[in-house]
Amino acid sequence: MIDLHCHLLPGLDDGSADMDISLRLAQEAVDNGIQFALLTPHHMNGVYTNHRQDVIERTQEFQTALQEHEIDLTVFPGQEVRINGDLLTAISQHDILYADDNNQYLMLEFPDDDVPAYTNDMIYQLQQQGIIPVIVHPERNTKIMRHPEILLELLKKGCLSQITASSYVGTFGEKVESFSRQLIEAGQGYVFSSDAHDLPGRKYEMRQAFDKLRKEFGDELAQRFEDNAKAIINGDVVLPNQIRPIVAKKKNKLFGLF
Numbered sequence: 345m346i347d348l349h350c351h352l353l354p355g356l357d358d359g360s361a362d363m364d365i366s367l368r369l370a371q372e373a374v375d376n377g378i379q380f381a382l383l384t385p386h387h388m389n390g391v392y393t394n395h396r397q398d399v400i401e402r403t404q405e406f407q408t409a410l411q412e413h414e415i416d417l418t419v420f421p422g423q424e425v426r427i428n429g430d431l432l433t434a435i436s437q438h439d440i441l442y443a444d445d446n447n448q449y450l451m452l453e454f455p456d457d458d459v460p461a462y463t464n465d466m467i468y469q470l471q472q473q474g475i476i477p478v479i480v481h482p483e484r485n486t487k488i489m490r491h492p493e494i495l496l497e498l499l500k501k502g503c504l505s506q507i508t509a510s511s512y513v514g515t516f517g518e519k520v521e522s523f524s525r526q527l528i529e530a531g532q533g534y535v536f537s538s539d540a541h542d543l544p545g546r547k548y549e550m551r552q553a554f555d556k557l558r559k560e561f562g563d564e565l566a567q568r569f570e571d572n573a574k575a576i577i578n579g580d581v582v583l584p585n586q587i588r589p590i591v592a593k594k595k596n597k598l599f600g601l602f
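Residue numbering for the sequence shown follows my numbering, starting at 345 and increasing by one per position.
It should be emphasised that the hints constitute simulated quantities derived from the structure, not laboratory data. Some hints could be false.
[Claimed, not checked] Here are the simulated distance ranges between beta carbons:
#1 Asp465 x Thr408: 39 to 45 Å
#2 Gln567 x Val391: 34 to 40 Å
#3 Asp456 x Ile365: 36 to 42 Å
#4 Ala461 x Gly377: 39 to 45 Å
#5 Asp456 x Thr408: 30 to 36 Å
#6 Val391 x Met363: 17 to 23 Å
#7 Asp458 x Glu529: 21 to 27 Å
#8 Lys519 x Asp416: 32 to 38 Å
#9 Asp364 x Gln471: 37 to 43 Å
[Said to hold, decoys possible] Simulated pairs of lysine-lysine, BS3-like, Cα-Cα distance not exceeding 27 Å:
#10 Lys501 x Lys487
#11 Lys547 x Lys574
#12 Lys500 x Lys487
#13 Lys574 x Lys559
#14 Lys574 x Lys556
#15 Lys500 x Lys519
#16 Lys556 x Lys519
#17 Lys500 x Lys547
#18 Lys487 x Lys547
Built from N, CA and C at the ideal position, the CB exists for glycine as well.
Go ahead and model the full structure; you've got the sequences and the hints to work with.
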């Protein structure tokens, strides 16, 4: 399996605090079936800034440590980039890391409770540069949960989406689990990632998510999720899903017609 979103690099953000923790998380990733991981420390989110060259160097150091400890995980440098007004400048200054060497797929984060008003314009400008935003964990964004048409329109414009494995298996609660399932059912999910941190409830549950996906939606969709992750990290084409709006569930009426 390929994990496109995790916080394993030591001391860079709210993920791993030190190398010992990073090595433990890496072993947990391998035990969960992951062989390749894109390391995505937070970047430009108002709290953490992790410049491109720093992440590249720290990833190389971490890969060496993995080899010394005989942990069979291959890692690649990346960033979880927060959408912000300085993003285009950072791109022009070559301070942004992508999921692939072709600088095509950008792991793009929104604030937890908002989708900024300038998002559509920013997405358009990114796409004009040949960049395809992969919107990370939309299932946990409270504004998207209230207004799922926001994500639908972004996907129609050519964005992709990454659903956190733990969201789908229920680690973040029933509402997030249900919304994750709704997104997948509507064709609005493209890949699973762990978003692993060294925090309670932020562990590797990729295998569990894929097992559940196969049970609920079949082997073909599970294989497509795996293929999409491989295509993203290789810079290959990801075929668009047949997406549709989320259908609101009808509330049960307690008293006949009333």
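Cross-check of the supplied hints:
1. In this structure the supplied range 39 to 45 Å holds for Asp465 paired with Thr408, their Cβ-Cβ distance being about 42 Å.
2. One distance hint, 34 to 40 Å for the beta-carbon pair Gln567 and Val391, holds here, with the actual separation near 37 Å.
3. Between Asp456 and Ile365, the C-beta spacing of about 24 Å breaks the proposed range 36 to 42 Å.
4. The supplied range of 39 to 45 Å is met by Ala461 and Gly377, whose beta-carbon atoms lie about 40 Å from each other.
5. The hinted window of 30 to 36 Å between Asp456 and Thr408 holds, with their beta carbons roughly 34 Å apart.
6. One distance hint, 17 to 23 Å for the beta-carbon pair Val391 and Met363, holds here, with the actual separation near 22 Å.
7. Judged by the Cβ atoms, the range 21 to 27 Å given for Asp458 and Glu529 holds: they are separated by roughly 25 Å.
8. For Lys519 paired with Asp416, a C-beta distance near 37 Å keeps the hint of 32 to 38 Å intact.
9. Against the hinted window of 37 to 43 Å, the Cβ-Cβ separation of Asp364 and Gln471 comes to about 41 Å, which satisfies the hint.
10. Using a Cα cut-off of 27 Å, the hinted pair Lys501 and Lys487 holds, with the two alpha carbons roughly 19 Å apart.
11. Pair hint Lys547 plus Lys574 holds up; C-alpha atoms about 21 Å apart against a cutoff of 27 Å.
12. For the suggested pair Lys500 and Lys487, the alpha carbons sit about 18 Å apart, so the restraint of at most 27 Å is met.
13. Distance restraint check for Lys574 and Lys559: the Cα-Cα separation of roughly 22 Å lies within the 27 Å cut-off, and the hinted pair is therefore satisfied.
14. Restraint check for Lys574 and Lys556: the C-alpha separation of about 20 Å stays at or below 27 Å, so the hint holds.
15. The straight-line distance between the Cα atoms of Lys500 and Lys519 is roughly 24 Å, inside the 27 Å bound, and the hint therefore holds.
16. Of the supplied pair hints, the one linking Lys556 and Lys519 holds, its CA atoms being roughly 17 Å apart against a limit of 27 Å.
17. Distance hint between Lys500 and Lys547 is unfulfilled; the C-alpha atoms sit about 31 Å from each other, more than 27 Å.
18. With a C-alpha separation of about 25 Å, the suggested pair Lys487 and Lys547 falls inside the 27 Å cut-off, and the hint holds.
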